Structure formats: C-alpha cells, structure tokens
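Taken in sequence, the protein lines are chains A and W.
To convert, note that position 114 of the first sequence is 114 in the numbering used here; the numbers rise steadily by one, no gaps.
To convert, note that position 36 of the second sequence is 36 in the numbering used here; the numbers rise steadily by one, no gaps.
Worth flagging that the hints you see were computed from the coordinates, not collected in a lab.
Take the hints with a grain of salt, since some may be wrong.
[What the hints assert, rightly or not] Derived coverage of chain W by chain A (criterion: at least 3 residues anywhere in the stretch with Cβ under 8 Å from a Cβ of chain A; other residues may be distant):
# : stretch
1 : 88-99
2 : 266-272
[As the list claims (entries may be wrong)] Some chain A residues judged to face chain W by a derived CB distance under 7 Å, without partners named:
#  : residue
3  : Ser19
4  : Pro67
5  : Ile78
6  : Trp91
7  : Val96
8  : Glu247
9  : Gly249
10 : Ile253
11 : Met267
12 : Ala293
13 : Glu297
Quantities reported herein were computed from a predicted structural model and do not represent experimental measurements.
Even glycine gets a Cβ: it sits at the ideal position worked out from N, Cα and C.
Protein chains: 2
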Amino acid sequence: MAGLEDVARVAGVSASTVSRAMSRPEMVAPRTLERVRAAAEKVGFRANPAARALTTGRTGFFAMLVPDLENPFYAAIIAGAQAVAEEHGRWLIIAVTEGAAEREGEVLRELRDQVDGFVLLSPVGSARDLVAAHRRKPVVVVNRRVNGLTSLTVDTPGGLARIFDRLAELGHRRVAYLAGPPGSWMDRRRRDELGEHAARLGLDLRVVGPVYPAFADGAAAATEIVESGCTAALAFNSLLLLGLMYELGRRGIKVPERLSVAAADDMAFADLPGTPVSAVRVPAGELGGRAVADLVEMAGAPGAARRPASRKLPTEVVLTGSLVPPAR
Amino acid sequence: MAGLEDVARVAGVSASTVSRAMSRPEMVAPRTLERVRAAAEKVGFRANPAARALTTGRTGFFAMLVPDLENPFYAAIIAGAQAVAEEHGRWLIIAVTEGAAEREGEVLRELRDQVDGFVLLSPVGSARDLVAAHRRKPVVVVNRRVNGLTSLTVDTPGGLARIFDRLAELGHRRVAYLAGPPGSWMDRRRRDELGEHAARLGLDLRVVGPVYPAFADGAAAATEIVESGCTAALAFNSLLLLGLMYELGRRGIKVPERLSVAAADDMAFADLPGTPVSAVRVPAGELGGRAVADLVEMAGAPGAARRPASRKLPTEVVLTGSLVPPAR
Chain A
1 MAGLEDVARV AGVSASTVSR AMSRPEMVAP RTLERVRAAA EKVGFRANPA ARALTTGRTG
61 FFAMLVPDLE NPFYAAIIAG AQAVAEEHGR WLIIAVTEGA AEREGEVLRE LRDQVDGFVL
121 LSPVGSARDL VAAHRRKPVV VVNRRVNGLT SLTVDTPGGL ARIFDRLAEL GHRRVAYLAG
181 PPGSWMDRRR RDELGEHAAR LGLDLRVVGP VYPAFADGAA AATEIVESGC TAALAFNSLL
241 LLGLMYELGR RGIKVPERLS VAAADDMAFA DLPGTPVSAV RVPAGELGGR AVADLVEMAG
301 APGAARRPAS RKLPTEVVLT GSLVPPAR
Chain W
1 MAGLEDVARV AGVSASTVSR AMSRPEMVAP RTLERVRAAA EKVGFRANPA ARALTTGRTG
61 FFAMLVPDLE NPFYAAIIAG AQAVAEEHGR WLIIAVTEGA AEREGEVLRE LRDQVDGFVL
121 LSPVGSARDL VAAHRRKPVV VVNRRVNGLT SLTVDTPGGL ARIFDRLAEL GHRRVAYLAG
181 PPGSWMDRRR RDELGEHAAR LGLDLRVVGP VYPAFADGAA AATEIVESGC TAALAFNSLL
241 LLGLMYELGR RGIKVPERLS VAAADDMAFA DLPGTPVSAV RVPAGELGGR AVADLVEMAG
301 APGAARRPAS RKLPTEVVLT GSLVPPAR
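Bound conformation, chain A alone:
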C-alpha cells in the first residue's frame, strides 16, 4: 500500500507538506495542492476518508443520525436516503442517538472528520449546537425546523385537517385523536393545529394518549376510545391504528360501521386486505432522498452555497371507505 512518503516523493515535496495538504488544504498553495493530488492519484494512495478527501476533495461518506431504528417512519426515510446516496456514489453510515442531545453532540463531533456531511433525523440538540455543527460540516435537518439550517418537514397537520373536513361533512360530532409519542415536538404541533381546526368545524376533539406509537399501544387504547363515545378516530401513525383495529376486530366491533378510522401515515397499510384505510400519505422515502440530495449539493460547494433553505413537503390525503357517516 502506498504511503504518505510515496506521495511526497512523487510530488517532489516533503511528507509534512503532504500531511498539511490533507489536514489543512487552505494553508497549501493551490499549485502544490494540485501536485500532491496528482501524485496521490499516481501512486494509488487511498485508504481512509481523510486520504480520499485529499484526492477528490471529499470523503465519500455521509452520516445519518437517527433517534432509533424501531420506528418504521425512520426506516422508510433511511431507505430513501440510502437510495439517493447510492445514485451519487456516496456511502451512508447510520448512527443511533437514542434521542439524547448529549449523545447526538458526541456523534457529531466524533464523525466530523470522517464524513462530508450529516443528515439529522428529528434531532433533539439546541438550535445553537446544530448551527455550530453545520459550520464545520454541512448539516440537513429532517422532521424539525431549525433557523439557519436547511430543514425538511412534511405538512402532516394540513393533511389531517382535510380528514377532519371530511368527518365533519359526514356528520361526525365527536372525534378521537390517538396521540403519540410523549414529549414529541411534532405531536404537540399536530395536536394544537388539530384542536384549532376541530373548533372551527364544531367538532368535539378528544385526545387519547399520548402513547408510544406501537401496535400494542394502539390495541390498549381501544377501551378508552370506544367508551369516549367518539364515532371516528385518527391515529398518530398507522401502526397505532392497526393495533386499535386489531383489538376492535377481536372484540367484534365493526370498522368502519361503529368507528370511522384514519391515520397520519399509511406505512403499515400497504396491501392490507379489507377496506383501504384513510390516511395522510407521508413521502418518507422522498424526505430522506431529498435530504441527501441537498447534502450532495452543499458538500460540493462549501461556504456560500450552504445557504439554508427550509422546505415543507406536501402530503397526499387518501380518503376511503374507512370514513363513513356515524351510526345513529
């Protein structure tokens, strides 16, 4: 394997210069840098990202920080990110932060020199810390808006409002929202917007939860929803709703005759037998893919071109036979 000293010999410079060209290219004359790069290419000096950064100006790696891997929404975002990274010949590595600000900060520091940029999925760190990280390596934030950073969010509340419109039209008066997860910034915003929209429509909104957005928690919420006298239920995600529907089925409570249902994503519904379920179709894969595409652009043009741009992706609202007029 060719080493630093081989590059130095071929370039006709000292090993220190090669090292400096790697670690602090801005301190090396452009012509020298060019010579070092050509030499590195010639002797086949490769290996670690830092070395590759020398010859190509980039490490080839992006890091994606995710709170957890159990959430199917995150898995779908990662899959979309992975596909676009591949198209651009980049490697995506994933680090789990467990939704802890301290850990998130550590991972950002530890991986800083290893990657060309970061995608932060639902980050929990302060805006200040995230902006500081961006100054070292480009950062794209998904699922949260941070001033000064490129952020990608999805207009789920807007989609849920359309479902409320439909429920009001059908004659529902009391509607349940199965909320989750506890402490979520996104869920809080949704509840606020839904509350206002329900009031405008004259709907009585009953919030159940917040609960952890998993199948079993949806099933466990069945009793409270049925006893609340609501004739329709919206769930924070499709997994929760599936759990609720499972339990209703087990108890012989008919959907949608006794309870109209919808969810804020449709990820767990693909190919499900029976009446299709109404949902806000969230473009999770697109979200991940766009984040990486933005990062590719930023990483290719450092400095000025890193101007932040926030984007809210629209959702598609799928209205189906799972919404029917309330039983008399």
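Add chain W to chain A, keeping to what the hints say.
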C-alpha cells in the same frame, strides 16, 4: 489543530516516520513507535480514527452491516449491540447492505481502515470473502455459521420443535407453517428441521409461503391457512402472525378456538391485550450485545486471540393459552 508535522517535531523524527507509524506500525521500531505515540498525546493530535489508532491502538469505531432496517428482528439486534458498544466506550456505525453480496464486499473494503472490527448481520457473501475480510479486521457473524469465523446463531428450530410437541400432545393432526422470507438460509433450515420433526410426531405439515415477513403478508395468508383445514399455525415471525390474527379477527374467526397460533419470535407481542401468544422467545438484544462483546475482545488482542468460536444461543419457549385442543 495539531498536525502530523507537530507530532514529528516533538518526537524528534521525520513526518514520514510518523506517517509510517500510523499506516504500518509493524515497520517501525517499538521504541520509535512509543516516542511517536507519546508525542501525539502531548501535542493533542487527534481527529480521525486512523490518527486515534496511532495513540490508542484503536479507532473506537465498530461497523455493523445489516441487510435492511425494516426488519424488527434486526432493529432489536442493533439495539443490543449499541448498548454493549456504549458500555465499552465504542461507537457503532451501521451500514445497510440490502442483502447484496457485492455491496457487502464494498462496504467491508470502504470501512476497513475506519473501524476496529465488523459485526455482519445475516451476511450473504461467500465464506471465502468473509474469512478474507476477517484477516484484515476482526469479524463476528450473526445469524449464519461460517467456518473459520466467530458466529452467533439462535436455536429457533429447537424451540419450534417444542411447540410442535405441544400441538401433537393436544391432538392436532394438520399444522400450517407460514414461511418467510423467500430465499432465506434460515427459513430453509427451519423448514427442513420442522418437516423432519413433524414426520416423527405424525403431524401433517402444510407450508404456506414463503412470504415477505410483514403484517400485511400475514393477513393475506389467512385464506390459504383457513382453507387448508389446519387447526394450528406457526409463523416465521411475530409480525406475520399478528397480521394473520388481525385478518382472522376481522372475519370473525376465533383464535385460539378455531386456530391455535404461535410464532418463531415474540417481538411484536409485548403488552398485547387478550390471550398471550405462544412463541419462541429469541434473545435478539443478547445476540447483538454478545457479538459486540466478542469483537471488543478480538480487537483488543489481534492475531492469535482471533480464534473463531461458534455459539448457538438457546431460546425460551413460551407456551400459552393460544395453543388449545383442535375443535371437533
């Protein structure tokens, strides 16, 4: 930030020697290596894993290669691996291979110099390629046995055999196995062992599928299972069984009265209302944790101590009221 040249100055050696100490420590005299390490420590030379490897003998990173992130079994293994990595002060980064041998090989090559070792989750590469990778950096294989490598598997077939024993005892004669995923090495082995065991017990085994092991696919299999005349069904995973149970509930088919049910893991069953579901409890978290613990040991003692050791973790079989005598 201190550079290579600063380390060289303090150590009183050339930058080439520092570079060589990093890339090929075996070519540098032990006393010189010691001096370079002390100098690196003194000037605060850190940054990338390669540099850290110089001062501490390790990068601090492990990489875990996983086929996909949608599978909850993998997510649980990763969570266990993550926890143990943290205990040992190591960073775990995850790379998705999409179950493609070519991609798996590329990731192994690309990350080789960045990490202290690899955990390969259900790898698909040839044994020869995997053993070759291990020669560069320690490798632990999970969910597959590879000669010459440390492998961790789980005795799920043994657990499923206990469930068959129970079904035979209860008087069942025709039992369905809902298989998945297509092309899986593990599923093939399971089907073979279950087939032999069923024959020994005089059970008529009907294999349904293989199908992709997701909720909707379990629901879609309901018709074939009900029409097969089977009085009990085992599923490849808990998600498939949950889908099957959902669809049975929707059709008003009683579980377990009309169909006794069990699954080869219990991951989707936690806190589910109703009769607990019989399952082989797979220690997924332990599997990931042990793999990392083995890797820590191997990475700390290169060469001789990398002797391979295959281990099969036992499973716990949970027999519940979801298995009852067949209806007359």
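**Index of numbered hints that the structure contradicts, given in increasing order** = Failing hints, ascending: 4, 10, 11, 12 and 13.
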